[in-house]
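The whole structure should be built from the sequences, with the hints applied where relevant.
One letter stands for each residue in the lines below.
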Amino acid sequence: AQKVTQTQTSISVVEKTTVTMDCVYETRDSSYFLFWYKQTASGEIVFLIRQDSYKKENATVGHYSLNFQKPKSSIGLIITATQIEDSAVYFCAMRVLYQGGRALIFGTGTTVSVSP
Amino acid sequence: EAAVTQSPRNKVTVTGGNVTLSCRQTNSHNYMYWYRQDTGHGLRLIHYSYGAGNLQIGDVPDGYKATRTTQEDFFLLLELASPSQTSLYFCASSDALANTEVFFGKGTRLTVV
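Chains Y and C, in that order, give the protein sequences.
Mapping of the first sequence onto this note's numbering: position 87 corresponds to residue 144, and the numbering continues sequentially without gaps.
Mapping of the second sequence onto this note's numbering: position 100 corresponds to residue 797, and the numbering continues sequentially without gaps.
Worth flagging that the hints you see were computed from the coordinates, not collected in a lab.
Check before you lean on any hint, since a few could be wrong.
[Claimed, not checked] Below are the DSSO-like pairs computed for lysine-lysine, each with C-alpha atoms no more than 30 angstroms apart in a straight line:
#1 Y/K95 x C/K708
#2 C/K708 x C/K762
#3 Y/K95 x Y/K129
#4 C/K708 x C/K803
#5 Y/K95 x C/K762
#6 C/K708 x Y/K73
#7 C/K803 x Y/K95
#8 Y/K60 x C/K803
[What the hints assert, rightly or not] Now the in silico label distances, taken between C-beta atoms and shown as ranges:
#9 Y/N124 x C/P758: 32 to 38 angstroms
#10 Y/G100 x C/A749: 24 to 30 angstroms
#11 C/G714 x Y/G100: 21 to 27 angstroms
#12 C/G737 x Y/A98: 17 to 23 angstroms
#13 C/A749 x Y/E83: 29 to 35 angstroms
#14 C/T783 x Y/E83: 26 to 32 angstroms
#15 C/S779 x Y/S87: 37 to 43 angstroms
#16 Y/S170 x C/V709: 28 to 34 angstroms
#17 Y/E114 x C/G713: 52 to 58 angstroms
Computed from a predicted model, the values in this text were never measured in an experiment.
Beta carbons: idealized from backbone N, C-alpha and C, even for Gly.
Below, the structure written as structure tokens:
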């Protein structure tokens, strides 16, 4: 089975601190790609960061970074120096071979609330 | 910037009615997708396509048809709408490479009464 699981439903943090959210995945592919997306309050879904399974280095983009633990099939998202605008729903996703093509499958999302 | 445009943005229909959701991308992407978003379920794949005339079944296809008429246009059809299909629908597109991001439209909120 190919599956993405996010167990944390919601997280609350204070502005300027660090938030970490978890994601585990299942895949039979030897090479795969993991993504994090953000859904803003307006409903817009935007791409944040990607991890290629064959790369040992954790990806970093701005104040987003990943904690990739391949033996544990885990890809955590870390947001440092959080801002109010980081309040959103964060989705973990995996690009997989599915029914003859490549599809993006998602976890159920983690809602992050950043307060002053 | 990749552009994916969905129409309508909001739709109310009655149980048993026909609904067509439209999606157009102007990025020459091969892949287009339809997802539904419901509380507690995240984004679930309904159908997707990797080219004009192609259609692949996703995780939750029951009650939905889809058609990819051109490289740019992908339609989702609900021929006998039911209240369980009340949801927020997203269209998305990407190119064929596995490591490229998927671009999303702004969503269509469908209510079946």
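Among all the numbered hints in the text so far, which are the ones the structure does not match? Failing hint: just 6.
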